Structures are given as structure tokens and as C-alpha cells.
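Here are the chains, one letter per residue:
Number of protein chains: 2
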Amino acid sequence: MNGCDLLAKLEMSSPIFLAGMAGGVTTPELVSQVSESGGLGQIGAGYMTPESLSNDIDRIRTLTSKPVGVNLFIPEFPKINQSEVNQMNEILKPIAEKLNYDPGYKVIIENCFDEMIDIIIEKGIELVSFTFGKPEESLVRKLQNHRIVVVGTATNELEAKALYDIGVDAVVLQGSEAGGHRGSFNQTLPEKLYTTESLFDVVSQQLDIPLIVAGGITTPELAKVFLNKGATAVQLGTAFLTTKESGIPEVHKESILNAKSDDISLTKAFSGRYANGIHNTFIHYLDQFEDEICSYPIQNILTQPMRGQSKKMQNREFMNLWCGTNPEGARKETVSELMSRYK
Amino acid sequence: MNGCDLLAKLEMSSPIFLAGMAGGVTTPELVSQVSESGGLGQIGAGYMTPESLSNDIDRIRTLTSKPVGVNLFIPEFPKINQSEVNQMNEILKPIAEKLNYDPGYKVIIENCFDEMIDIIIEKGIELVSFTFGKPEESLVRKLQNHRIVVVGTATNELEAKALYDIGVDAVVLQGSEAGGHRGSFNQTLPEKLYTTESLFDVVSQQLDIPLIVAGGITTPELAKVFLNKGATAVQLGTAFLTTKESGIPEVHKESILNAKSDDISLTKAFSGRYANGIHNTFIHYLDQFEDEICSYPIQNILTQPMRGQSKKMQNREFMNLWCGTNPEGARKETVSELMSRYK
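Chains as they are written, first to last, in our numbering: chain F, 1 to 343; chain E, 1 to 343.
Next comes chain F alone, as it looks inside the complex (with noise of 0.2 Å):
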């Protein structure tokens, strides 16, 4: 499939998709109101419960009838399926009934990765794209032959040819420009960081297959330089971060908006593994224990409770403001406004 298929297979009359950013971000209004302006909605599921997405599909679908997206992320510990701890449980209960003891079977950090699978297929999504590595080789068959596109993400050219060689349908190609967390196979991060553009150039011209170049991209006139390069698609995560119907905090809106380049570090304070965000008071205090951090997603979780309650009570000092590192390009406005500046 080339890029041009893969526009006309998605319903897109326009190149842009919307990062499948985790953690609240992308509303059932946002993603659908990218699909509907004619780019491509993703829903960032990465922290999502199975049931949480099941019902977010279900109303994007009562908003839109143009196909959507799921990014997910693949598992650190793929040993740990809640469905198959369940069914095993299912499978032991006589037993614990018949010897009488509490079953108390607990299995914590939940992995419900294949529920995902199994929701994103029955609901007839279009598109799954991947972070944090690459899908088994079986499962990207799988959900090809249930028609659905397969995208894997990249942040170097040895990810994207491993994307490519287990046979995805598209690779984005995340540059260090990026919001958020770098989607990288592993934690570490190299010596050299590919910028967007080098990326793009890099990889272009080795790998036969379309490309979705995001990070740092924030304006059309940038979105135009990747695609009159040969991208098929540009990836905006920042400029949607502050449209109406994104769904983080509207401090946290307001920083992005108030951001100037230099105020965006590169942390794993929040979750163990790098993102890019706007600099904070619970940055700068980690910044003295950078050997204590935890590793994704153990980081992550030990953060959680704090992230909460600075939500909660809108303290933009202890929130992780994921922000690319051209945020001046963001506005205040619409789905559908950004929509037709980007036209």
C-alpha cells in the first residue's frame, strides 16, 4: 500500500494525524472531530482500561462515522494478561472451593494488552498504531487480515527498518522535537538525537514504505516542508494539545500557550522514561535524584497519585506538561479551526 492508498483507505482528504497521545488527551470530541475535518483521530489508549476504551469507540462512533485510530503501547511486561490470569482463576475456583481457602489470587500490574487487541477488532477500528517497540510479527498479521492498518513508530532509522521488516503498513517517525515521550524500543537515550527533519531524510531515503513525520511540527508552513519532501502525513500532538476539545487540564493548556522553546525540558521524572514537557518545580526537584528514578512504567506508577491530586487541584508545578519544543506555534481555537489553517 502506498501512501497515497493509505490516505484514500482512511477516508483522509487531509494529511494530518492525530498523535495517540495517553493520559486523558484525546476526548471521544477530539479524536472525532479530527476525523471528521478530514484527518485521522487516534485514540491515545496507552494507560487506557479495556472497558474505558470500549466505551470511548462507542461514543466516537455516535460522533462520527469517518475512521479512527488507536495508539497502544507494547507492554513491558508482557508476561502479565489479565484475561489469562482471569480464566486461570476461573479454572482453579472449584478447587479452592473444594479445599476451602481464600483464592486471593492477585496479579497487580495489569496488562491488558491483548483485551485491547481483542476490543480494537471487534469494534472494526481502522488504524492501531504502536509505541515503546514493535508488535510480534503474528499480531501485525493478525490485525491486517481483520483490514486494519498497522503503523509502527520510530525515533531512529534501526526501529524504522525493524518496523518495516515485520511488514506495518506505515511508519511514524518521531523526531526529538516531540512532545511527550519519546516512543523509542528502549529507555536509554543515545548519544545522538535524530531531530525531525534529519530523521525524515534519513529514513526516506532507505526504506520503501509511508511515512508520518511528527515532532515539533506546530505550524502548516512546517507540515508543508515534510510533505512536499514525499511524507505521506504529518503527526501533530502539541497543536492539538490546546484546541477546545483536547482533554488536559486548562493550566496546562495555558502553559503550553505561554511557552517559549527554551522552557521545554527532556525528563523521565514523571513516568522512567523521556519525554519532552514545559519545566517545572517537580523537574528541577528530581534533577538531584536522576540516579533513584525507577524505570517505565514502575517510575510511572510511583507518580501516579501525585499527578492526580495536581490535577485536581490545577498546580501546574507537580503535573508532567508534555509540550514539543516549538510550542509557540499553538493556539487557542477549534478542532475544526486548526483544521482549515492546515488546509
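Hints were generated in silico from the structure; no laboratory data involved. A quick note: this is a predicted structure, and the numbers were derived from the prediction, not measured. Among the hints, a few may not be true.
Repeated chains share a single entry, so a pair holds when one copy, or any two copies, can fit it.
Calculated cross-link-like contacts (lysine-lysine; reagent style DSS-like; alpha-carbon spacing at most 27 Å) [stated by the list, open to error]:
#1 K134 x K79
#2 K123 x K98
#3 K161 x K332
#4 K123 x K93
#5 K312 x K93
#6 K229 x K98
#7 K98 x K253
#8 K192 x K260
#9 K192 x K311
Guided by the hints, dock chain E onto chain F, whose structure is given.
Just chain E, lined up with the frame of chain F:
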């Protein structure tokens, strides 16, 4: 270090290792008696907490002044490290107090591997053996720098070579006759299982490193076969299970003493990893759900309450009755009697 040096360093007058069997088998009495009788006792610390390991070492040191070993499992979830979690919780505490929220920091599948290593070093343990994979090369160096003998476990020649390459001091070769868990690096069953003898024959020709042979050795005659072939030592599991000092339930001891080779099955019903045990109702029950068995350590967590209750009830039908394929050699005796027979 050659085989003779190894035995000398460990002050062994008899080339007999106690297998580091986990799950309450290796009581301080069993471990200390094996070392005291000229062999090398090992604490099976695979499922222990740092606290219980620490207590057991202290108790063993009061019972013998001879060297002892500790067996550890290579963790399946290396990213989870409870001491790192605790440290980060401390770092986040002032924020929780400031923002007034319940930290609720929890990570449940605990992996205390690093804490166990610290205790082993602090307490001056003389040998560490690893099962279910290979340790980081840096860990091997660290232990050796503390004058600790490092031993890996292999079930085929590739695993043996991988252990050799990271510079362990000796390799335990575990053949298919071994009771309990196969100590293989991964959880799948190969097409061809090496018997103890075939494994020794292959590896001893390829690698110049002290080899400790394990699997089905329940008679002095069989032990002699391997020692005459050039094995540095043999490692006994089942033979020690039925000694007075072993910590397994009486019903388990009786089951071994009454078992025949035909009663032993290779099953992953209890833990998700393949292990040899005496056939019983639970193994039979799970035969019909083979595809639903979760991977290790999940299945092990899920069957834990059942195993606990069946121990309390001395109910052999729902207990993991680990046993090698040559149970006929096992006797009801003391460690000292066993060690005399193997002189």
C-alpha cells in the same frame, strides 16, 4: 580455577552439592548438615524474602563454620526492584505531604533480587548459583571480586556456553531426569531434552570449566559414573528431599519413598515452568487446560494459595510433589547417613 581448586576453596571433602531447592526445602539444618558432612549446602532462596534469607544465613552460621551457597532465580521482571521503589517513595514523600494526598505507592510483583545480592555479599556467603537464565556479566564480576564462587545452571550446550562466556566459575548441568523445575533460560520445552549423561558428554567435550552434574542421581553408583567421567561434583536434589532435615511436608516425603519412575510427569501446571513431579489430581485436572496455563511467575502466584492450603491439610493431590525420575534411590535417612553412603 579448576575443579580441584573449586572443591578446596569450598572446603569440600566430598564432591556433593545440595541442590538449591526453593520453597521451604532447604532448612538451616539441611544446609548446614550437608556442609558439615563435607559437601556444599545451598539455600534455595528462589522464593525467599531478603529477611528470611538473612535469618536463615545467621542460623546456618551458628550450625556450621563451613562454606555454604545460595541459589537465586534470575528475575523475570528485572525492571521491578523493591529497594529502588522504596527509595523513590521516600523522595516523593515530601510532595505527598505538601499536596496532601495519599501516596498509595504500590508495586506488587516484588523483585528483591538486588537486595538478596547485597545480603549475600554482606554475610560473606561463599557461593552463589543462578537458575532460569544468566546473570549480568557485571554481577558475576562483582560477586567474584567479593571472593564468591559463581555458578550457573544449564540444560543444553548453548546455555552452558553462554555461562562460560560471562566467566562463571562452574556450571551445573541439569539433565531431564532432574526433579522440580528445569533450570532452563526460557520457559518453552525444546524438541530434544538432554538426559543428564548426554548433556555431560556434549558439554564436557566443548568447555574447559568445572562441571557439576545434576538430574536423577539418587545412588552412589550413579554419582560415581559422573565423577569417574570427570565431573567436578554431583548435585543431589531428590535424594536430599527424603532426609530427616529436609523441609518438605511429610506427605511429600512419603510420596517420594513410594514413587516409581512411571509416576513422574513433566508439568507446568503449578508454576508455568516445566518441572518434574509426582503425578496427582491437580496435574491431571490441568491437563485439559494446558493452553490456558499462564507463564511463570504468574501461574506460580495464582496457584500459591492452593499449594499453601494443601500443605496445611497434608493433601498430596494439590501439592507440587517435585521429584526426579529415579525416586527408587531415595531413602528415609539423615543427611549424615546419606553422605556416608556416598563416601
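Here's how the hints hold up against the structure:
1. K134 x K79: both (16 Å within a copy, 19 Å between copies)
2. K123 x K98: Answer is neither: 39 Å inside a copy and 44 Å across each miss the 27 Å cutoff.
3. K161 x K332: neither (38 Å within a copy, 61 Å between copies)
4. K123 x K93: Neither: 31 Å inside a chain and 42 Å across chains, both beyond 27 Å.
5. K312 x K93: between (40 Å within a copy, 18 Å between copies)
6. K229 x K98: Cα proximity of K229 and K98: none, with 68 Å in one copy and 51 Å across.
7. K98 x K253: Answer is between; shortest inter-copy Cα gap is 24 Å, intra-copy 57 Å.
8. K192 x K260: within (23 Å within a copy, 62 Å between copies)
9. K192 x K311: Answer is neither; intra-copy 34 Å and inter-copy 57 Å both fail.
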